[in-house]
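S.K.: This is what each chain is made of:
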Amino acid sequence: MSGVGNILNEQEKTGMKGILEVKNLKKHFVTPKSFFNKEEKRVRAVDDISLFISKGETLGLVGESGCGKSTFGRAVLRLTEPTSGSVHYNGVDILKLNKNDMRNMRQKMQIIFQDPYASLNPRMTVLELIRAPLDAFNIGTEKEREEKVIDILELVGLDKQNLRKYPHEFSGGQRQRIVIARALILNPEFIVCDEPVSALDVSIQSQVLNLMQQLKQELNLTFLFISHNLSVVKHISDRVAVMYLGKIVEIAEKKSLYIDPLHPYTKALMSSIPIPDIDAPERKIILTGEVPSPLNPPTGCRFHTRCSHCIEKCKVQEPALVNVSDKTMVACHLYE
Amino acid sequence: MKKQGKSSSYLGDVFRRFKAHKLAMVGLCVIILEVLLVFLLPMIFDIDPYTSDINAFGAAPSAEHILGTDDIGRDIFARLIYGGQVSLFVGLVSTLISVAIGVPLGVIAGYYGGTFETIVMRSADVFMSFPSIILILVLVSVVGPSIFTVTLVIGIMGWTQFARLIYGNVLSVREKDYVESARAIGEKNFRIITKYILPNTFAPVLIALTFSTANAIIMESSLSFLGMGVQPPQASWGNILYDAQSITVLSQKPWLWVPPGIALVLTVLSINFFGDGVRDALDTKMKI
Numbered sequence: 001m002s003g004v005g006n007i008l009n010e011q012e013k014t015g016m017k018g019i020l021e022v023k024n025l026k027k028h029f030v031t032p033k034s035f036f037n038k039e040e041k042r043v044r045a046v047d048d049i050s051l052f053i054s055k056g057e058t059l060g061l062v063g064e065s066g067c068g069k070s071t072f073g074r075a076v077l078r079l080t081e082p083t084s085g086s087v088h089y090n091g092v093d094i095l096k097l098n099k100n101d102m103r104n105m106r107q108k109m110q111i112i113f114q115d116p117y118a119s120l121n122p123r124m125t126v127l128e129l130i131r132a133p134l135d136a137f138n139i140g141t142e143k144e145r146e147e148k149v150i151d152i153l154e155l156v157g158l159d160k161q162n163l164r165k166y167p168h169e170f171s172g173g174q175r176q177r178i179v180i181a182r183a184l185i186l187n188p189e190f191i192v193c194d195e196p197v198s199a200l201d202v203s204i205q206s207q208v209l210n211l212m213q214q215l216k217q218e219l220n221l222t223f224l225f226i227s228h229n230l231s232v233v234k235h236i237s238d239r240v241a242v243m244y245l246g247k248i249v250e251i252a253e254k255k256s257l258y259i260d261p262l263h264p265y266t267k268a269l270m271s272s273i274p275i276p277d278i279d280a281p282e283r284k285i286i287l288t289g290e291v292p293s294p295l296n297p298p299t300g301c302r303f304h305t306r307c308s309h310c311i312e313k314c315k316v317q318e319p320a321l322v323n324v325s326d327k328t329m330v331a332c333h334l335y336e
Numbered sequence: 337m338k339k340q341g342k343s344s345s346y347l348g349d350v351f352r353r354f355k356a357h358k359l360a361m362v363g364l365c366v367i368i369l370e371v372l373l374v375f376l377l378p379m380i381f382d383i384d385p386y387t388s389d390i391n392a393f394g395a396a397p398s399a400e401h402i403l404g405t406d407d408i409g410r411d412i413f414a415r416l417i418y419g420g421q422v423s424l425f426v427g428l429v430s431t432l433i434s435v436a437i438g439v440p441l442g443v444i445a446g447y448y449g450g451t452f453e454t455i456v457m458r459s460a461d462v463f464m465s466f467p468s469i470i471l472i473l474v475l476v477s478v479v480g481p482s483i484f485t486v487t488l489v490i491g492i493m494g495w496t497q498f499a500r501l502i503y504g505n506v507l508s509v510r511e512k513d514y515v516e517s518a519r520a521i522g523e524k525n526f527r528i529i530t531k532y533i534l535p536n537t538f539a540p541v542l543i544a545l546t547f548s549t550a551n552a553i554i555m556e557s558s559l560s561f562l563g564m565g566v567q568p569p570q571a572s573w574g575n576i577l578y579d580a581q582s583i584t585v586l587s588q589k590p591w592l593w594v595p596p597g598i599a600l601v602l603t604v605l606s607i608n609f610f611g612d613g614v615r616d617a618l619d620t621k622m623k624i
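If you read the protein sequences in the order shown, they are chains A and B.
Residue numbering for the first sequence follows the numbering used here, beginning at 1 and increasing consecutively.
Residue numbering for the second sequence follows the numbering used here, beginning at 337 and increasing consecutively.
Just so you know, nobody snuck in bad clues.
Ranges between beta-carbon positions, derived for each pair:
| hint | chain 1 | residue 1 | chain 2 | residue 2 | range |
| --- | --- | --- | --- | --- | --- |
| 1 | A | T141 | B | F381 | 51 to 61 Å |
| 2 | B | V362 | A | K160 | 35 to 45 Å |
| 3 | B | M464 | A | T299 | 49 to 59 Å |
| 4 | B | V362 | A | Q207 | 42 to 52 Å |
| 5 | A | V322 | B | S459 | 51 to 61 Å |
| 6 | B | L369 | A | R164 | 33 to 43 Å |
| 7 | A | K55 | B | S459 | 49 to 59 Å |
| 8 | B | S459 | A | N220 | 47 to 57 Å |
| 9 | B | V474 | A | G140 | 53 to 63 Å |
| 10 | B | V479 | A | E39 | 44 to 54 Å |
| 11 | A | P122 | B | A356 | 14 to 24 Å |
| 12 | A | H168 | B | V362 | 23 to 33 Å |
| 13 | A | P122 | B | M464 | 30 to 40 Å |
| 14 | B | S459 | A | N229 | 42 to 52 Å |
By construction, these hints were calculated from the structure, which means they are not laboratory data.
Please read these numbers as outputs of a predicted model, since none were measured by experiment.
Quick reminder that beta carbons are idealized off the backbone N, C-alpha and C, glycines included.
Between the sequences and the hints, there should be enough to build the whole structure, so can you do that?
M.R.: Here it is in structure tokens:
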């Protein structure tokens, strides 16, 4: 535990603003060469992503299925080992930490998974589930742990009568509350929320979202909020990053991104949000074709095969993610 | 999601479902009865499986010898009871040996993978590609036949089925979100295996346990029948049958081979029914 203390001191020395700073992060899944398969296959799930998250903010990460959002979230926490790059958390490169230091670091960095049915061990009671992180780090006495569990259960809006129950006795929303309680019990600072509400009924989604937002304020948390649901991301985020085929194509403040998207892909995404008004003019941009395979991504700009503004340069040269204004970054040749 | 019934704990549900399984309950009762008979009866009554009754060689069932005597005048009932001790001992202990070897190897191979996985699983393949009865015959003839060698050898030969079973299950369970979330909350590998992986992979092992016990009992009988198992004068169901091989015995003295045969079939069947019941009871999706 002293490791975490050192890390915090170090942060004060360096005086960094971002709680989390990701540089050139890559995660490639490689199928090894074999006798029958001379060619190495490389799925570029996360390909050279750099971004930062400031303390107390929520960064939304959107993109369609299979674009590498979840892989990015897991790579940031080293739940899958990144191929290259660096992830600085409070100024410490966590990719360079050894196993034990990384384990201690996990007290500060947590994750909430998408499917609350799959992320709770079916053979453990609520008490055991939520207490597990305290057990793992040997914090407090038996009694203190149980009291802490009851406190945190109350915080997420569940009754302490539920302590001895098993996950299968709960609804999806309640389960996700249990998952949130487990993620919060070690007082983390940073939480990766990997599509935390996608598996829930729409009526429950807003409840859980509001709970998360309220907890974030109360406990001064920082979120990386991964979702394919643009409305959900709009509701909860401060800034939003748009991902396409393993790359970030645009990062901007929520307001400017939703009102004035720059990248053609972002524009198409934004136009797909349904407007609850029958008189609203139809202004959908329909993308043609399918997402290319990350096994064999297009040359140049990865979006050029589906882009309506594609120029010759897009096919050969990959655009860099550059600042177009103070807080907006976009990777597109149209804005250079 | 709420299930009917008062007890809502996992084990309570399992127990309730098991009780509803009639054949399994019958099997369990038969096994308990047998164990009690075989181990308690010799303590209460003076039963002697070794001494010959000079007045009754190969005698048919009578008041004095309720299941008759064999060709050298030993009481079949007494031999059946003592033989039962041997059979149940071999069945249970050799299965425990198989589990003790197979489960840790399978779990570690499945969880960590890598070179260890290759070594364990390929040697399991090698073990399985030998006809086990012949291997056991060779081993027993080298070490010398006795209850303990037979138990040990059957136990050691049986590790592959547990290793493969649990290996396959661990492969699927370790990819589950709850295992990844366990890593995310900082659980160590040992606790992930004992608290997250094993409880969720153990149901099939429990079932295989029952079948393996039944198999070991049969295996011991076959070995004894072939003369490589428990050595006379000690009795086992297998060597009682072995003594009853001749055609005259088979056709004219059925009391020599019917009782051990029935005991063997009854035990194996009961254990199998019990295993069936356990499997159904552990399946949380079964609604009984």
